[in-house]
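Residue numbers (the numbering used here), protein chains in the order written: chain A, 94 to 264; chain B, 11 to 535.
To be clear, the hints were calculated from the coordinates, so they are not data collected in a lab.
Note that the structure is a prediction, hence the values are computed from the model and not measured.
Cβ atoms here follow ideal geometry from the backbone N, Cα and C, with glycine treated the same way.
Honestly, I wouldn't trust all of these hints.
No more than 20 Å apart at the CA atoms, straight line, and that leaves these computed lysine to aspartate or glutamate pairs for EDC-like [unchecked claim]: (1) A/Lys138 / A/Glu222; (2) B/Lys258 / A/Asp199; (3) B/Lys230 / A/Glu190.
Here are some chain B residues the structure puts well away from chain A; computed CB gaps all over 12 Å [as the list claims (entries may be wrong)]: (4) Asp39; (5) Leu68; (6) Asp90; (7) Leu99; (8) Phe137; (9) Asn139; (10) Arg143; (11) Asp189; (12) Glu201; (13) Gly368; (14) Ser373; (15) Ile389; (16) Glu415; (17) Trp420; (18) Phe520.
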Amino acid sequence: MATIIKSYEPTFWDKLYIPALVQGLLVTFKHLLRKKVTIQYPEEKLIPPEGYRGLHRLNKDANGRIKCVACDMCSAACPADCIDIIPGSSPWDDGKERYPVSFEIDLLKCIFCGFCEMACPEEAIELTEIYDFSDYTREKLIIDKDGLLDVYDKTKDKNYYSNSQNLTIKE
Amino acid sequence: MPLLKIDDLEIEVKNGTTVLEAALENGIDIPYYCYHPALEIVGSCRMCLVQVEGMPKLQVSCNTFVGEVPPERKVDGNFDMVVQTQNDLVIQERKNILEFLLLNHPLDCPVCDQAGECYLQDYSFKFGNAHSRFDEDKRVRPNEYLGSQIVINHNRCILCSRCTRFTREISGTSELFVDERGYSSKIAALEDRPLNNLLAGNVADICPVGALLSTDYVHKNRIWNLQKKSSVCQDCSVGCNIDAFYQKRKIFRLNPRENQDVNGYFMCDIGRYGFHRFEDLERVARPLFKSNGIFSEISWDTAIEKISNKFNGAEEKVAGVVSPFHTNETNFMLGRLIKGIIGTFPHIEDEEITYPSGFRISSDRSPNKRGMHDVCPSIVDDLASEINDKEIRVIYILDNEIDKEIDETWNKILTKMDFIVVQAYAMTRLAKSAHLILPGLAPFEREGTITNDQGRVQWLRSVLPNNGESRPDWEILNLLYKTGERFSDINELMKGMGEQFPSYSGMTFFKLGDQGLPLNGNLKT
Chain A
94 MATIIKSYEP
104 TFWDKLYIPA
114 LVQGLLVTFK
124 HLLRKKVTIQ
134 YPEEKLIPPE
144 GYRGLHRLNK
154 DANGRIKCVA
164 CDMCSAACPA
174 DCIDIIPGSS
184 PWDDGKERYP
194 VSFEIDLLKC
204 IFCGFCEMAC
214 PEEAIELTEI
224 YDFSDYTREK
234 LIIDKDGLLD
244 VYDKTKDKNY
254 YSNSQNLTIK
264 E
Chain B
11 MPLLKIDDLE
21 IEVKNGTTVL
31 EAALENGIDI
41 PYYCYHPALE
51 IVGSCRMCLV
61 QVEGMPKLQV
71 SCNTFVGEVP
81 PERKVDGNFD
91 MVVQTQNDLV
101 IQERKNILEF
111 LLLNHPLDCP
121 VCDQAGECYL
131 QDYSFKFGNA
141 HSRFDEDKRV
151 RPNEYLGSQI
161 VINHNRCILC
171 SRCTRFTREI
181 SGTSELFVDE
191 RGYSSKIAAL
201 EDRPLNNLLA
211 GNVADICPVG
221 ALLSTDYVHK
231 NRIWNLQKKS
241 SVCQDCSVGC
251 NIDAFYQKRK
261 IFRLNPRENQ
271 DVNGYFMCDI
281 GRYGFHRFED
291 LERVARPLFK
301 SNGIFSEISW
311 DTAIEKISNK
321 FNGAEEKVAG
331 VVSPFHTNET
341 NFMLGRLIKG
351 IIGTFPHIED
361 EEITYPSGFR
371 ISSDRSPNKR
381 GMHDVCPSIV
391 DDLASEINDK
401 EIRVIYILDN
411 EIDKEIDETW
421 NKILTKMDFI
431 VVQAYAMTRL
441 AKSAHLILPG
451 LAPFEREGTI
461 TNDQGRVQWL
471 RSVLPNNGES
481 RPDWEILNLL
491 YKTGERFSDI
501 NELMKGMGEQ
511 FPSYSGMTFF
521 KLGDQGLPLN
531 GNLKT
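Next comes chain B alone, as it looks inside the complex (with noise of 0.2 Å):
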C-alpha cells in the first residue's frame, strides 16, 4: 500500500487511489467542481490544484494517482507521494482559477436557486476575490429549455460538463453535449433528441452551480427556508433514498441521497415529481361514519365501538385488505388482526427501465410489495371467490393510493358488504363508498419500515406533520386489539413482528439508520 503524505497526514492508500479522494475521505478539504464520484474523471475545473512534491506544475487532484514508487524514489526514503494542499502557492492559484470561473458569471445570487447550496457561491466567499478586475461586458445568452423539465442558464455555466457526463454514463442517452469551441462554448441538447428521458432531473442537482435548473422548482423558495428530513421514494419497489425539503406542511422539492446499496447517487423524475399528486387533496381528518347516505364526523372513541361491536362474535367472516402502499407494521398489524381472509388490490405494474449505469425504475410501482408478502403470508390471490365462499359481510380496506377507479371485481366486492371500513388520508372513491373512514396518514407524514424488490428493509421516515386528527396506522389497528393484545409502541411492535417473522427479528429503527439493512439475516447482527 502506498504511503501518501498530504499536509501533514501520512495516510496509507490502495494503490490507484486519486489523491482527492484520499484528502476527502481524510476530511481535507479540497474544493472541486467538475469531480463526482459516480462519473468520469475530466479535471476540467481545474478548482483541485495541489502541489505535488517533485512535479514542476501544480496538479488536478482528481486526476493525480497514487501508486507504489521504487524504493530508491521514495521521497524522504518514505513517502510515495507529497502533496501540498494548503500552501500559499495553491491558494494563490485556486483565486486564480476562480477570477477565470467568474469572468461571465452573473452576481445574481438573489435571484438564483442554486444560492445557498452553490460551491461558486462557497468557494468564492472562501477563496476569492471581492472584487472583479473584469472591466469589460459580461457575455449574456438568453435562458433556453434542454428538456421539458430543464432550463439552462449559460450565464451560469462554468462548463464542468458533469451534466453531459451524466447524460452519456448514466441515462445513456447522451442528449447533451458542449456545442462550440474555446470561449463560445455552451452545454446543448441535440435538436432532435431533447433532455426528456427519467432521469432529466439529476442534471440539476449535480449542478455545481445554477446553471442546471428544475422548473418544478424555480423561483419556488430559498434553500435556507426549507428543513430537510431523510426518508425513502415510494414511487416504485426500488426504494431510493431521498431527502426531502419542506416547509411547513408542504414539500418543495425531493433530492436523492446517496445508498450504493440502493440508488447510488440519483433517483428517477417519477419519484422525483410524484410527491406533487398528494397536494391539494381532500383530506379526511376525523373519523366519518355514513349515514343515510351522507358522511357525519364521530369522535375516535365511537368509531373504534362501532368496528369493535360489527367485529366481536363474526371474527372469522371479516375480510381485511393489505396494501403495498403501507408500511410493514400496518400491514402485520391488520394480518394478525383479521382472523377471516387477507387480500390485496391488483399490482400495479409498468414498464421495467434498466439503465446502462445499472440505475433501475421497478415494474412494480408500489414500495413495499414484498414486505406486504413477508409479513402477511396468508394472502389469497382471488379474493372474490374467496368472499363468496366464505359468505364474508365485513371488510376492513387500507386504501391503496388516490384517484384509483374501482374496478368490476372490486364492485361487486364492496356491494356484497354489510359493512365497509376503510383508512384512508383522502377522499378516495374507495373512501367514499365506505361506511366508516378512519383517517390515517398521507405518504409523507408516515413513519414505518419498508422492505424493496431485494429484500433491503429502509426506515421510512415522517416528514410532515399528522393532519387533524389523523393517527399513525399502525396505531388506529393496535387500537382495535384487545387491551390485553396491544402494542404500547412502534418499538413493542417491531419486537412483535420480528417474533413472528423471524427474518424481520432484531429490527430496530436504529439498527436500520440511514441506509437500511438486507433481509438475509443481517438484521440480528
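Just chain A, same shape as in the assembly (with noise of 0.2 Å):
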C-alpha cells in the first residue's frame, strides 16, 4: 500500500523568513574567514594527487630508447579499443628485438581505467598528472610515438605542474 507523505507546513516562526536569513548569512560570514580554496586556473594550477590517471606517457630506458617492446598487451587489456599498435624488428641489435614502429591512442576513445599500465609487463606506458590536454579538432588529439615520449620527457622529474614553464597560458 502507498503511503502517503504530506507536505511540509511552515509555522508562524519559518513563515517570518528573518531567522533563516540570518542562518544563511551566519554560514556566509563563516567561510569569509576561512582559507580560501579557490584555485585560479589557468594562472594557477591544481597539483592532481600521487596516483592521477591522467594523460599517457611511453617510457624510456637508460638509453634513452623506448622502453615499449610492442607486445600489445595494451591494446588487448584497454576497454575502449583506443591504443593503436604496429609493432616491427628494432633497429637496435643488442638484444632488444621488437618495438612499435607506431604507436597511436586516440585520447577522445580512452576512458583513463590504466589497464594499460597494469597490463604493460615492461612498464613502458604509464598515465600521468597531466590533465589539461584539449584541443581543436579531432585528429589532434590522437596522440603518436613521439608525442608520447615528449610527454615522458616533461614528466619525468614529476614537476609538470610545479614547473613554471608549463603556466604560461597557451594560445
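Hints in hand, dock the two standalone chains.
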C-alpha cells in the first residue's frame, strides 16, 4: 500500500523568514574568514594527488630508447580499444628485438582506466598527472609515439605543474 | 579389439593404437610437444607421461601401444590396459617436466611471436609452477638463420626435434639435426646445406614453441589480433587447404589446414608466401571506360548497357576467354553466356615436385584448370586462328593473373578487336589494353568452388571484404544475361551448373564443407 506523505506545513516562525536569512548569512560570513580554496586556473594549476590517471606517456630506458616492445598487451587490455600499435623488428642489435613502429592512442576514446599500465610487462606505458590537454580538432587528440615520448620528457621529474614553464597559458 | 580404460572412459581401440592417440580421439587432454601425427614417434619431451596399471614407472603415452593381452593377464579380468591421466602423480610429474623444459626458456612472451598459440605457454599456465626455482644464469645464445626464411631462437627451443624429423621424413632433405650433446644440444642446419627447401616454412608451424620463426611473419602482429578463415591455396592445382589469418583488409599469414585427402598437414612456401603479390596492387574499384585512350569511371548500369549493346545482334561474333584462376561458377557463367568461341590462356607450367612423404607441388600453377575444362567443354585450342576464321571483333576476358606479359599471339588477337572487355581486379597489362574494365574480386576475396587436378571440388571461401564497388565475378556475368535467365544467388547457380554438368550436380557449399568432396559421383549422396 502506498504511503501518503504530507507536504511540510510552515509554522509561524518559518513564515517570518528572517531567522532563515540570518542563518544563511552566518554561513557566508564564516567562510569569509576561512582560508580560500579556489584556484585561479589557468594562471594557477592544481597539482593532482599521487596515482592520478591523466595523459599517457611512453617511458624511455637508461639508453634513452623507447622501453615498449610492442607486445600489444595494453591494446588487448584496453576496454575502449583506443591503442593502435604496429610492431616491427628493432633497428638495435643488443637483445631488444621488437619495438613499436607506430604507437597511437586515441585520447577521445580513452577512458583513463589505467588498465594499459597494469597490463604492461615492461612498465613502458604510464598515465601521468597531466589533465589539461584539450585541443580544437579530433586529429590532434590522437597522440603518436613521438608525442608520448615527449610527455615522458616533460613528466619524468614529476614537476609538470610546479615547473613554471608549463604554467604559461597557451594560445 | 583391445579394451582400453583411460580414467573413467572404457573404449575399444585398434590393435597398435598409442595411448595418446586413443585419448585425443576421445576428448581426453594429454599435453604433448614432440608428438606430431605426421612424424615418427620419439618420446623426447616426456610431457605426455601417464600412469599405466602394472607398470612400475610412468610411461610416455605417445609411445605406449595398446595391444591384446592373454585373458589371465587382463586387468580386472576385463581390460587390456588401464591408464590414469589425471591423478596426482601424473600432474606432479607434468609439473616437474615443465620445470626442466623451462630451465633455459626465457620469459620473453611479450616479444615472442608464438605467444597466444604456444603450447609451452598454455601448459605452463595449466600445469606449471608460478615461480622458477632456477637461480643460476639462463643459457643465452644468439639467433641464427637456418635458411633464408627461417630464424631459430635457441633460447626458446625445447629440443622436441619435430623440425629435424620433418626435414628427414616429410621433405626428405635432412638439413636440420641436433648438434652437440646434453646441455649444449641445439638445432642446427648443415653448413653446406641451409634450410632452403620449398617446405621450409612448415618447420615454423610445427614448432610447439617460438623457437623457429618465419621471417615473413616475425614481429608483424599478435595472433589474438588476427581473424582466421579457412580457405584453399590458389598457387597450384593441388589446392592445399589453408587457414588465412587477416586483420582488417590485410592478410598476415597463411597456415596449412589438415586435409588427409589433399595436403596432409603441410603446405609449400610458394603458396605460403604467395599472397604477398596481391598486396599493394593498383586496384580497380569502379567500372572504367576508355575514351580517347583515357579511362574514366562509369556506373555499373552504363557499363552493363554498353556491353549488352555490343553483344546484341552479334552474339555469334563474341569470343570469351575463361581463366583457370577463376572459380567454376564464374567460368560456367561465361561459358554459358558466350555463343561464339571460348578460349583460354596458355597454361602456366613449372617444375613438378614430389617429396618422399608424397607431398606434391603440381606442375600446373593455376588452381582450377580441371574445373575450367569441366564446366567449359567447348574451349578451343588455337584461339587466334579461330578468331580469324570467324571474324570475331568483340572479346570478353576474365583476367588471368597480375603482371603477365602480353605475348605476340595475344597482341595479334587484341589489335584485331573492336571492343575488349576485361574483368579484372587490378590494372594489369591486359586490363590497360581493354576498352571497358569491370572490377571483379581478387583471389582472397572470391567465393566459389574450385576443382583440383585429382578431381576434388573444394570450397574457396572469401577471406577479405570486397574492394570499393567491385562485385563477385559470377554476379557481374549474371547481369549480362537476359532477366529471365539470371540466377538469384550462387546456390541457384550451382544448381544450374549441376543440371548442365552431371558430375557437379547436387553440389552445395554445405556439403563440400571444410574438406571438399571428390567428383566421382560422391557429390550426389
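Results of checking the hints against the structure:
no.: 1; hint: A/Lys138 / A/Glu222; verdict: 12 Å, holds
no.: 2; hint: B/Lys258 / A/Asp199; verdict: 18 Å, holds
no.: 3; hint: B/Lys230 / A/Glu190; verdict: 12 Å, holds
no.: 4; hint: Asp39; verdict: 25 Å, holds
no.: 5; hint: Leu68; verdict: 35 Å, holds
no.: 6; hint: Asp90; verdict: 48 Å, holds
no.: 7; hint: Leu99; verdict: 34 Å, holds
no.: 8; hint: Phe137; verdict: 22 Å, holds
no.: 9; hint: Asn139; verdict: 19 Å, holds
no.: 10; hint: Arg143; verdict: 21 Å, holds
no.: 11; hint: Asp189; verdict: 23 Å, holds
no.: 12; hint: Glu201; verdict: 23 Å, holds
no.: 13; hint: Gly368; verdict: 36 Å, holds
no.: 14; hint: Ser373; verdict: 36 Å, holds
no.: 15; hint: Ile389; verdict: 46 Å, holds
no.: 16; hint: Glu415; verdict: 35 Å, holds
no.: 17; hint: Trp420; verdict: 41 Å, holds
no.: 18; hint: Phe520; verdict: 34 Å, holds
Violation of the numbered hints given earlier is absent; every hint is satisfied by the structure.
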